[in-house]
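Build the full structure now, drawing on both the sequences and the hints.
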Amino acid sequence: SDDLSQPVKIDHYPSINGKSHNIKVSKINNRVVFTTSENIYTYDYVRNQIIPIDSLSVDLGEYKTANQIQHFKKNEYWLIKDDKLALFEIKIDFSATKRCDIQLNSISLPQRSIQLISLDSSTLIIPTPESFDTYNLGLNQNRNNLSRLEIEKVIFYGKKDEVTTHFKSFENMRTRWNMNNITIYFIAPYSFDHPSKQFLYRINELDSNWQSTHNNHFTYLGLKYGDYTAEVQGPNGTIIQVPFIVEKPWYYTSIALASYLLIFLLSVWLLIKFIQYKLMRQKELVAMELKQNSLEKELDYKNYELMLTIRYLINKNEILTELQKEINIIKVH
Numbered sequence: 010s011d012d013l014s015q016p017v018k019i020d021h022y023p024s025i026n027g028k029s030h031n032i033k034v035s036k037i038n039n040r041v042v043f044t045t046s047e048n049i050y051t052y053d054y055v056r057n058q059i060i061p062i063d064s065l066s067v068d069l070g071e072y073k074t075a076n077q078i079q080h081f082k083k084n085e086y087w088l089i090k091d092d093k094l095a096l097f098e099i100k101i102d103f104s105a106t107k108r109c110d111i112q113l114n115s116i117s118l119p120q121r122s123i124q125l126i127s128l129d130s131s132t133l134i135i136p137t138p139e140s141f142d143t144y145n146l147g148l149n150q151n152r153n154n155l156s157r158l159e160i161e162k163v164i165f166y167g168k169k170d171e172v173t174t175h176f177k178s179f180e181n182m183r184t185r186w187n188m189n190n191i192t193i194y195f196i197a198p199y200s201f202d203h204p205s206k207q208f209l210y211r212i213n214e215l216d217s218n219w220q221s222t223h224n225n226h227f228t229y230l231g232l233k234y235g236d237y238t239a240e241v242q243g244p245n246g247t248i249i250q251v252p253f254i255v256e257k258p259w260y261y262t263s264i265a266l267a268s269y270l271l272i273f274l275l276s277v278w279l280l281i282k283f284i285q286y287k288l289m290r291q292k293e294l295v296a297m298e299l300k301q302n303s304l305e306k307e308l309d310y311k312n313y314e315l316m317l318t319i320r321y322l323i324n325k326n327e328i329l330t331e332l333q334k335e336i337n338i339i340k341v342h
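The numbering of the sequence shown is our numbering, which starts it at 10 and goes up by one.
Hints are not guaranteed to be accurate.
[Stated by the list, open to error] Below are the DSSO-like pairs computed for lysine-lysine, each with C-alpha atoms no more than 27 angstroms apart in a straight line:
hint: 1; residue 1: K257; residue 2: K162
hint: 2; residue 1: K168; residue 2: K233
hint: 3; residue 1: K73; residue 2: K100
hint: 4; residue 1: K93; residue 2: K73
hint: 5; residue 1: K18; residue 2: K36
hint: 6; residue 1: K162; residue 2: K177
hint: 7; residue 1: K93; residue 2: K36
hint: 8; residue 1: K33; residue 2: K107
hint: 9; residue 1: K90; residue 2: K36
hint: 10; residue 1: K292; residue 2: K282
hint: 11; residue 1: K83; residue 2: K93
[Said to hold, decoys possible] Across the chosen pairs, the derived CB separations fall in these ranges:
hint: 12; residue 1: E71; residue 2: P252; range: 25 to 33 angstroms
hint: 13; residue 1: I123; residue 2: Q207; range: 22 to 30 angstroms
hint: 14; residue 1: S46; residue 2: K177; range: 20 to 28 angstroms
hint: 15; residue 1: A265; residue 2: Q207; range: 41 to 49 angstroms
hint: 16; residue 1: N57; residue 2: N218; range: 37 to 45 angstroms
hint: 17; residue 1: Q207; residue 2: E256; range: 31 to 39 angstroms
hint: 18; residue 1: N181; residue 2: N57; range: 54 to 62 angstroms
hint: 19; residue 1: W259; residue 2: Y194; range: 27 to 35 angstroms
Just so you know, these hints were derived from the structure itself, not from any lab. All C-beta atoms in this analysis are idealised placements derived from N, C-alpha and C, irrespective of residue type, glycine included.
Next comes the structure, spelled out in structure tokens:
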């Protein structure tokens with residue numbers, strides 16, 4: 010009604026996405042939002058339906074299913090779960106940034122309402138069943154800074170005793186091909202006291218799946234040459250990256266490849282020259298053989314002519330001898 014004393018129209022939404030939930034209703038930036046055990050939603054007046062707020066859901070992470078949402082100051086809201094709460098800055102476009110979070114290790118209040126009390130901009134009172142807990146948000150911010158995940162050192166080593174260690178500066182890190190084992194040490198002072206104290210790590214180029222460790226370091230052995238990016242994720246979801254390069258072996262360098270090409274071309278040239286020489290020698294041998302055959306045939310022909318000449322001379326001599334005999338006989342008579 011005009012005087013806001015009674016409703017004009019009531020719409021019932023017995024379920025969201027076909028599922029029934031215990032829905033909590035809150036307000037963020039003058040927009041009504043609904044939280045369930047699965048996601049955070051708002052009402053779309055254009056489509057007349059309840060829809061998930063995807064961008065806000067991603068930024069809130071586990072707090073998208075918060076039991077309570079309480080306004081703190083401009084664009085900042087406390088999101089409360091059973092045993093922890095977090096302060097988020099939520100902008101008009103529903104993008105969110107976590108400012109700090111508080112783990113309520115001493116209490117667990119599932120489905121119970123907690124009314125936070127702000128004494129000033131840095132002091133927060135949280136009521137518990139037995140008493141009141143006071144938190145200094147300034148100290149909590151310092152604690153979050155101290156718990157920031159950082160790389161302490163990076164060590165490269167090979168099969169020999171040679172070791173290369175990088176401190177502080179981790180940009181443009183390179184290592185030789187025969188020093189292709191890496192150990193990365195990281196620090197997160199308060200995170201090592203975290204209840205889960207589990208760190209995840211991976212090298213994207215090797216495996217997209219995360220590996221877990223409770224230590225402050227991890228190792229990869231026998232890396233092939235190439236560009237790599239190591240990632241470490243802390244218990245609070247913070248991810249840091251460490252890019253590095255394993256150089257190519259000397260026999261894969263540009264100079265080596267150019268040498269291989271030069272040797273190959275020289276080998277081809279020598280092979281061509283050798284083939285040409287063999288062909289030339291073969292031609293010479295064929296020519297010599299042809300010449301020898303020609304000489305042999307000529308010699309045979311000369312021998313044949315000589316034989317005919319000798320035979321002719323022999324026949325002539327025999328004729329002359331016969332004539333001489335006949336002449337002698339005639340003279341006698």
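Here's how the hints hold up against the structure:
1. Taken as a hint, the K257 and K162 pair is honoured in the structure, with Cα atoms around 23 angstroms apart against an allowance of 27 angstroms.
2. A C-alpha spacing of about 14 angstroms is found between K168 and K233, which places the hinted pair at or below 27 angstroms, so the restraint holds.
3. With a C-alpha separation of about 15 angstroms, the suggested pair K73 and K100 falls inside the 27 angstroms cut-off, and the hint holds.
4. Between K93 and K73 the CA atoms are separated by roughly 13 angstroms; this keeps the pair inside 27 angstroms, and the hint holds.
5. Annotation: proposed proximity of K18 to K36 holds, straight-line Cα distance about 21 angstroms (limit 27 angstroms).
6. For the suggested pair K162 and K177, the alpha carbons sit about 7 angstroms apart, so the restraint of at most 27 angstroms is met.
7. The hinted pair formed by K93 and K36 meets the criterion: a straight-line CA distance of about 20 angstroms does not exceed 27 angstroms.
8. For the hint linking K33 to K107, the alpha-carbon distance of about 21 angstroms falls within 27 angstroms, and the restraint holds.
9. Restraint check for K90 and K36: satisfied, since their Cα atoms lie roughly 17 angstroms apart, inside the 27 angstroms limit.
10. Taking the CA atoms of K292 and K282, the gap is near 15 angstroms; set against the 27 angstroms cutoff, the hint holds.
11. Of the pairs offered as hints, the one joining K83 and K93 holds, with about 22 angstroms between alpha carbons and a cut-off of 27 angstroms not exceeded.
12. Separated by about 29 angstroms at the C-beta atoms, E71 and P252 satisfy the suggested range of 25 to 33 angstroms.
13. Remark: the range hint 22 to 30 angstroms for I123 to Q207 is upheld by a beta-carbon distance near 28 angstroms.
14. In this structure the supplied range 20 to 28 angstroms is violated for S46 paired with K177, their Cβ-Cβ distance being about 45 angstroms.
15. A C-beta distance of roughly 45 angstroms is found between A265 and Q207, which places it inside the suggested range of 41 to 49 angstroms.
16. Between N57 and N218 the beta carbons are some 42 angstroms apart, a value that agrees with the proposed interval 37 to 45 angstroms.
17. In this structure, Q207 and E256 meet the distance hint of 31 to 39 angstroms, their C-beta atoms being roughly 34 angstroms apart.
18. N181 and N57 have their C-beta atoms about 56 angstroms apart, which keeps the hinted 54 to 62 angstroms range intact.
19. Hint check: W259 to Y194, Cβ distance near 30 angstroms, so the stated range 27 to 35 angstroms holds.
Hint check: a violation occurs at hint 14 only; the rest are consistent with the structure.
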